[in-house]
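Enquirer: The chain contents come next:
Protein chains: 2
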Amino acid sequence: MEENLPSLENLIDKFQSLPGIGRKTAQRLAFRVLDFSDEKAYAFADAVIQAKRNIRECSCCFNLSENELCGICSDKNRDREYICVVEDVKSLISLEKVREYHGLYHVLHGVLSPRDGITPDKLHIRELVYRVQDPDNKVEEVIIATSPTVEGDTTALYISKLLKPYNVKITRLAYGIPVGGDLEFADEGTLFRAFKGRTELE
Amino acid sequence: MEENLPSLENLIDKFQSLPGIGRKTAQRLAFRVLDFSDEKAYAFADAVIQAKRNIRECSCCFNLSENELCGICSDKNRDREYICVVEDVKSLISLEKVREYHGLYHVLHGVLSPRDGITPDKLHIRELVYRVQDPDNKVEEVIIATSPTVEGDTTALYISKLLKPYNVKITRLAYGIPVGGDLEFADEGTLFRAFKGRTELE
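Chains A and B, in that order, are what the protein sequence lines are. To convert, note that position 7 of the first sequence is 7 in our numbering; the numbers rise steadily by one, no gaps. To convert, note that position 116 of the second sequence is 116 in our numbering; the numbers rise steadily by one, no gaps.
Read the hints as simulated data drawn from the structure, not as lab findings. As the structure is a computational prediction, the values presented were derived from the model and not from experiment. Where is the CB? At the ideal position from N, CA and C, for every residue including glycine. Don't take each hint at face value.
Restricting the straight-line Cα-Cα distance to at most 30 Å, the calculated cross-link-like pairs of lysine-lysine (BS3-like) are [to be verified]: (1) B/90 / A/24; (2) B/122 / B/169; (3) A/90 / A/196; (4) A/40 / B/24; (5) A/40 / B/90; (6) B/122 / A/24; (7) A/90 / A/169; (8) A/164 / A/122; (9) B/97 / B/122; (10) B/122 / B/90; (11) A/122 / B/196; (12) B/40 / A/40; (13) B/122 / B/138; (14) B/138 / A/97; (15) A/90 / A/138; (16) B/24 / A/90; (17) B/122 / A/40; (18) B/76 / B/40; (19) B/122 / B/164; (20) B/24 / A/24; (21) A/24 / B/97; (22) A/138 / A/164; (23) A/24 / B/40; (24) B/40 / A/90; (25) A/122 / B/76; (26) A/196 / A/76; (27) B/164 / B/76.
Residues from chain A that face chain B, not an exhaustive set, calculated with beta carbons under 7 Å [what the hints assert, rightly or not]: (28) 4; (29) 7; (30) 14; (31) 18; (32) 22; (33) 34; (34) 37; (35) 45; (36) 48; (37) 51; (38) 55; (39) 56; (40) 69.
Input sequences plus hints: build the corresponding full structure.
Expert: Written out as structure tokens, the structure reads:
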């Protein structure tokens, strides 16, 4: 029946182009938008445009920002000697939620995957090296927090080799059995990592 | 971290106001929009505004339409003697998918629920009576297809009583065990309906 309603069809298509939204859900969302007041519908459309227009990448760490520097880079209270290297902004947000880490970040915007054409020059790796090189930054430790996947590990290894010449400590997040997890349900990769990363009890 | 990104925060809020979209999903959708090209983001925003601006209710059956009459009401090939009464446009779309029914519709835009303040005057019931009354329409049968819920049944009963004085056949969709369903999993209400609606084998 949507063939008679090109505007509705178009809106459903737009919703469907978002990740994890199928035809049925897109239809449900589009119907909800039709129920909106005019004001609310315009506010929704405007939110899309404003977000797209105002948000850019931090010129230092490539986190999302509405200014030249992001909230973290411009925060005077952060420990500037630490740089945590993450794949994407979503990882950064997850790590920030822990409230354990108070250093800076560096967002690569991807991981190395030559098969998909993602070579080092496609990621913000060169800028990371510049940050570490610059004596003004006084970087002491680079914590690599890429995912424990083939690509994430490759990226971590590549970066650690690149940074070796500079006098900084390079670490990687610990991977193992998740807290509260049951051994029974841990996959072999995780168990292998857990064995390799075992620590001595004191 | 979104506190430093009011535009992003606003977009996430807007997505979260849609049905079935939680915080995590809203965040994922907002990030996807940020990855859009400028052109695609504007097209998305425009789709919301155009849908809201162009789509209205059919003046005859209250289905969604971009014109005075909806695609079904203006289709000369439909059987105009039948009116199928549905709660909402979603029900209409589901019924249209079956391609079994070729009559017209009447969308109530809700079901009677005095508890929630939905009284007959809040629904398009009066307009249905006018349609049935009008000898030009030559209505022969009104098929009531409201949901088999307390509210749906009440609405069906209310409408059937209202239409009794006019010389039309009033029917209700059959409810029972779904095709391919297992008795074991059918709830009591469905089984009760299945018993009540049993038909003789010939």
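Enquirer: Could you tell me which of the numbered hints above are not met by this structure, giving the numbers in increasing order?
Expert: Numbers 11, 14, 18, 25, 26, 32, 34, 39 and 40 - these are the hints that the structure violates, sorted from lowest upward.
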